[in-house]
Each structure stands twice: as structure tokens, then as C-alpha cells.
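**Student:** Letter by letter, the chains look like this.
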Amino acid sequence: MAKVSVLYFAQAREAAGTGEEAMTLSDHSTIEALLSTVSENHPKLAAMKRSIKVAVNSQLAEPRTVLHDGDEVALLPPVSGGKR
Amino acid sequence: MRRRAATAVHLTRRRIDPAEVVNSVKDERAGGVVLFLGTVRSVNEGRSVERLEYQAYRAMAEKRMREIEAEVRERWPVQKVKILHREGSLPVGEISVAVAVSSEHREEAFEACRYAIGSVKHSLPVWKREKIVGGGELWVEGEPIREARTRASPSRESARKQVA
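If you read the protein sequences in the order shown, they are chains A and B.
Everything in the first sequence is counted per this note's numbering, starting at 26 for the first residue and increasing by one.
Everything in the second sequence is counted per this note's numbering, starting at 78 for the first residue and increasing by one.
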């Protein structure tokens, strides 16, 4: 089992109704799996899942990345950026 | 000198003072300083903006800012780099971001500054909530966050800049 903390920001925070929550995952769970679980728990997140990037311990990570005990997982909606 | 002032890059809740930013990158070996200031615009996509509220993932934002500084130093022979980004609620006209670079010659200072602000804009986990004049508010959405992974050399960076 891996205990992780999940951080939500901006639109994702509103959709989740919280800024942070603790989750216990089964061993070898990936970011992809975690995203499915949190989308089930917070249905409003499902719609924005595709535009959300995920950082593990402050580093952007791919969907297949395996999560470990103690990881800080952050859901990052698109940033306003600015093209010009 | 206070410890905070010695940090080259960070998020801040204090007003950004342009003179302070310029002074922080002054260097005797430098022949020039380039300063970029981002300010809160009164109109965005046709909406009259009253203020912007910035929300940051602090740990990652400050880490990214340090990485951007390192990327700049890797690519250009700059003397000093300063990157500041505001958090919290800012009225129209207020400075939200500052990037300053000093270097021996102006060209690398311009290029480095341009690269740094571009990278800040697309890779920093900082979100803007727009408060509209007369009520209403929304998160300003852009593109999915990404990290700068382009390995352009300074010369390619200049070539790219010329067509930009």
C-alpha cells in the first residue's frame, strides 16, 4: 500500500471541493489509476481530466509513472500562459 | 542584507519594486541590464478586468524558477538573474512578474530575459482568477502546463528570435 497526498489547484480545486486529501493506493498504482479514482470520487474532475498535468514531488510526470509511499501528487490544470 | 533579498528567484506577496529588481542584478562586469515587467491588464478577451488573483503551487513554482535560472545560465553567459512572481490579489496595473538579467553584452541579456519570461509563462504552476468589473469571476485557462525541454543553443535561440 502507498499513502500519498493529493493536491488540487485552481479549477481542479473547485471541482474536487478540497485543496488536499490523503489517499491510500494499492501497490504499483500509476498516475493514470489515481486520476480515474479521483474522477470517480469527484465527478466534476472527470471533464477536465484530459487537460490536467500531474506532478509528483514537484516534478511533471507521465501517466504511467508508478506512485510510491509518501509521494506528493499535484493535479495541475492549464495555466493562463499567454502566447504573446 | 536580509536573507530573502539574497534569493535570486521566488514568489512574493509583497509589491514588486522595479528599482529593487534592477539593483539586485547590477554587476560591475555587466554592460547592460534587461528588465521585463508583466502587469495586470484592464481588458482580457473583451472582459473588463478589475483584479487578478494568483494561486501558486509554491514548492513546484519555486523549484521551476530555480531551474529556469539554471537553464538561462547554461545557455547564456549572464552575470545575474532575478525572477519574481506575485501571489495573491492584484489590481489592474500592478506588476505581477519581473525578470531581470545582466550580462557583459546586451544581446545575451535580451535573449536570456525573453527565454526566462517565456518559460515562466508556460511552465510555472501559477493560476490566475479573473475578477470582472461589475461582478463575476473565472479561472483564466490557457494551455496544459509544460516544462521547457527544448535544447536550443544560444545561436539557434537567436535564429528563432529573428523569425518570431
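These are calculated hints, taken from the structure and not from any lab test.
Please read all numbers here as calculations on a predicted model, not as lab measurements.
No residue lacks a Cβ here, since even glycine has one placed at the ideal position from N, Cα and C.
Where hints are given, some of them may not hold.
Mimicking DSSO-like on lysine-lysine, the simulated pairs with C-alpha atoms at most 27 Å apart in a straight line are [stated by the list, open to error]:
| # | chain 1 | residue 1 | chain 2 | residue 2 |
| --- | --- | --- | --- | --- |
| 1 | B | LYS198 | A | LYS78 |
| 2 | B | LYS103 | B | LYS140 |
| 3 | A | LYS74 | B | LYS140 |
| 4 | B | LYS103 | A | LYS74 |
Here are some chain B residues the structure puts well away from chain A; computed CB gaps all over 12 Å [claimed, not checked]:
| # | residue |
| --- | --- |
| 5 | THR89 |
| 6 | ARG91 |
| 7 | ASP94 |
| 8 | SER125 |
| 9 | ARG152 |
| 10 | LYS157 |
| 11 | LYS198 |
| 12 | VAL210 |
| 13 | PRO221 |
**Student:** Of the hints given before, which are not true for this structure?
**Tutor:** 4, 11 and 13
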